[in-house]
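Enquirer: Sequence:
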Amino acid sequence: MNPKLLFWIPALLRLSFLFAIAGVCWWIGGQIAGLGVALLLMLGQLYLQLSYLHQLSAWLDDSQSAKLPDGWGAWTDVFSRLYRLRRDDERSRGELTEWLARFRQAMHLLPDGVAIMDDVLFLEWCNPAVERHLGLTLERDRGMRVTNLVRHPEFIDYIILGRYEQPLTLSLRGRKLICQIIPFENRRQILVTHDATESARIEEMRRDFIANASHELRTPLTVIVGFLEIASSTPNLDAASRKAHLSLMTEQGRRMQRLIEDMLTLSRLESVDYPLRPEPVRIATLVEEVLQEARALSGGQHTVTASVDGPGILGSTEELRSAFGNLASNAVRYTPPGGTVHISWGTGPAGAQFIVSDTGIGIDEHHIARLTERFYRVDKSRSRETQGTGLGLAIVKHVLLRHRATLTITSEAGKGSSFIATFPVL
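Take 65 as the starting number for the sequence shown in the working numbering and just add one per residue.
Please keep in mind that the hints were generated in silico from the structure rather than gathered at the bench.
Just so you know, even glycine gets a beta-carbon here, dropped at the ideal spot from N, CA and C.
Be aware that one or more of the hints could be misleading.
[Stated by the list, open to error] Cβ pair distances, simulated, as ranges: (1) Leu378 / Leu160: 52 to 58 angstroms; (2) Gly364 / Thr470: 49 to 55 angstroms; (3) Gly363 / His430: 28 to 34 angstroms; (4) Glu267 / Ile220: 25 to 31 angstroms; (5) Lys307 / Thr367: 32 to 38 angstroms; (6) Arg196 / Tyr338: 33 to 39 angstroms; (7) Leu164 / Arg332: 30 to 36 angstroms; (8) Gly478 / Pro344: 52 to 58 angstroms; (9) Thr470 / Glu267: 26 to 32 angstroms; (10) Thr367 / Pro413: 27 to 33 angstroms; (11) Arg265 / Leu164: 35 to 41 angstroms; (12) Thr411 / Ala308: 27 to 33 angstroms.
[To be verified] Result set (SDA-like, lysine to any residue): computed pairs, CA atoms no more than 25 angstroms apart in a straight line: (13) Lys240 / Lys307; (14) Lys240 / Arg215; (15) Lys307 / Ser296; (16) Lys240 / Arg271; (17) Lys479 / Gln321; (18) Lys307 / Ala264; (19) Lys240 / Met171; (20) Lys307 / Ile294; (21) Lys479 / His406; (22) Lys240 / Glu268; (23) Lys479 / Ser408; (24) Lys240 / Ile294; (25) Lys307 / Asp326; (26) Lys240 / Arg251; (27) Lys307 / Gly290; (28) Lys479 / Leu378; (29) Lys479 / Gly426; (30) Lys240 / Ile425; (31) Lys479 / Val289; (32) Lys240 / Asp259; (33) Lys479 / Glu437; (34) Lys479 / Lys307; (35) Lys479 / Ile425; (36) Lys479 / Arg397; (37) Lys240 / Ser296; (38) Lys479 / Phe439; (39) Lys240 / His258; (40) Lys240 / Gly290.
Input sequences plus hints: build the corresponding full structure.
Expert: This is the structure we're talking about:
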């Protein structure tokens, strides 16, 4: 039915009922009584309507504390509709509040920074990531111009030029940031910041690794190619020279082989497809094997000893043999003839410890923090003499990381070094 009819028909019926009562009083008590009753009924209706209007006005002024009445007549439908509207509004506001809370939580958890600014770059809101990246504080800096908060020439030029199609790479507060402004709505702009410090560091490591690996491979290849060119251009080369050339080429070829094997080992240790499968490690047997390898490398030029007195561990025997062997071979290589190297397995304050101590040439303190970097060498000429690949300690670091162990290095130039691998208590 038409909504208008639904409103007017009941209203006309109620008026007809009141007029009927007044007519009955007219018929019984006469004209004066009928008009008096009609006036009283109209005044009652007027009072009722004004009362409901007053209650509606009070509810509109304070819809939370004021209560809607049940109403009478047409007011019943009006109040019921208002009640439904308020209930729907409360539900919508609750949903909006919930979504807003989720949005803020998501913005707080984002690793990228997000800041909302108005059309003249006054800060309205930002997440914690932007506070870390740009040194802002929302409570303190809200309502302030962003260019006054971030006083960096490149950032200010980027905003002044307004070329927001391309992001801006910025070095700020010791970090490499990628910033971009995205206009939205008519009077709002979003500033997005991404911390690319770690990515830049990894990219730099990749470039250094490729450059160092190329350099390490180029030297033996140059030697081998040079001797091959001599052999091809001098077919009547005497036997002694040919033998010397073949010996040097074999030596350089083995150097390349060791380097490639170490690179493959590092790649395997870093691969997620090569998980650690721990097993009980026979420590005494392992230390004895490392001891024999160190003595063979020394050729009797050093005093190499070992001791075992500590708990067992779970791990990969092959990986630990590689790590322990690298530490022991380094100690032999960098200890002058007549020096001593001691290999031990014991118990320390934080757990089991594998220690290699020597009386070698030692290491200056400023080199120690970088020793486990790929291809890092304290003395490059010395490394050439000892036939090192520059990857041994990097392999040690990755093996220990896979076993949740730590490496501590203590050294003093000219007096020797100690490499301590500490394994957690089972």
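Enquirer: Hint by hint, note whether the structure agrees.
Expert: Okay, the hints, checked on the actual structure:
no. : hint                                : in the structure
1   : Leu378 / Leu160: 52 to 58 angstroms : holds (54 angstroms)
2   : Gly364 / Thr470: 49 to 55 angstroms : violated (34 angstroms)
3   : Gly363 / His430: 28 to 34 angstroms : holds (32 angstroms)
4   : Glu267 / Ile220: 25 to 31 angstroms : holds (27 angstroms)
5   : Lys307 / Thr367: 32 to 38 angstroms : holds (35 angstroms)
6   : Arg196 / Tyr338: 33 to 39 angstroms : holds (35 angstroms)
7   : Leu164 / Arg332: 30 to 36 angstroms : violated (49 angstroms)
8   : Gly478 / Pro344: 52 to 58 angstroms : violated (41 angstroms)
9   : Thr470 / Glu267: 26 to 32 angstroms : holds (27 angstroms)
10  : Thr367 / Pro413: 27 to 33 angstroms : holds (28 angstroms)
11  : Arg265 / Leu164: 35 to 41 angstroms : holds (37 angstroms)
12  : Thr411 / Ala308: 27 to 33 angstroms : violated (52 angstroms)
13  : Lys240 / Lys307                     : violated (55 angstroms)
14  : Lys240 / Arg215                     : holds (16 angstroms)
15  : Lys307 / Ser296                     : holds (15 angstroms)
16  : Lys240 / Arg271                     : holds (17 angstroms)
17  : Lys479 / Gln321                     : violated (33 angstroms)
18  : Lys307 / Ala264                     : violated (48 angstroms)
19  : Lys240 / Met171                     : holds (21 angstroms)
20  : Lys307 / Ile294                     : holds (13 angstroms)
21  : Lys479 / His406                     : holds (14 angstroms)
22  : Lys240 / Glu268                     : holds (13 angstroms)
23  : Lys479 / Ser408                     : holds (19 angstroms)
24  : Lys240 / Ile294                     : violated (51 angstroms)
25  : Lys307 / Asp326                     : violated (29 angstroms)
26  : Lys240 / Arg251                     : violated (29 angstroms)
27  : Lys307 / Gly290                     : holds (15 angstroms)
28  : Lys479 / Leu378                     : violated (34 angstroms)
29  : Lys479 / Gly426                     : holds (6 angstroms)
30  : Lys240 / Ile425                     : violated (39 angstroms)
31  : Lys479 / Val289                     : violated (41 angstroms)
32  : Lys240 / Asp259                     : holds (6 angstroms)
33  : Lys479 / Glu437                     : holds (23 angstroms)
34  : Lys479 / Lys307                     : violated (40 angstroms)
35  : Lys479 / Ile425                     : holds (6 angstroms)
36  : Lys479 / Arg397                     : holds (15 angstroms)
37  : Lys240 / Ser296                     : violated (53 angstroms)
38  : Lys479 / Phe439                     : holds (24 angstroms)
39  : Lys240 / His258                     : holds (8 angstroms)
40  : Lys240 / Gly290                     : violated (45 angstroms)
Of the hints listed earlier, those the structure fails to meet are numbers 2, 7, 8, 12, 13, 17, 18, 24, 25, 26, 28, 30, 31, 34, 37, 40, in rising order.
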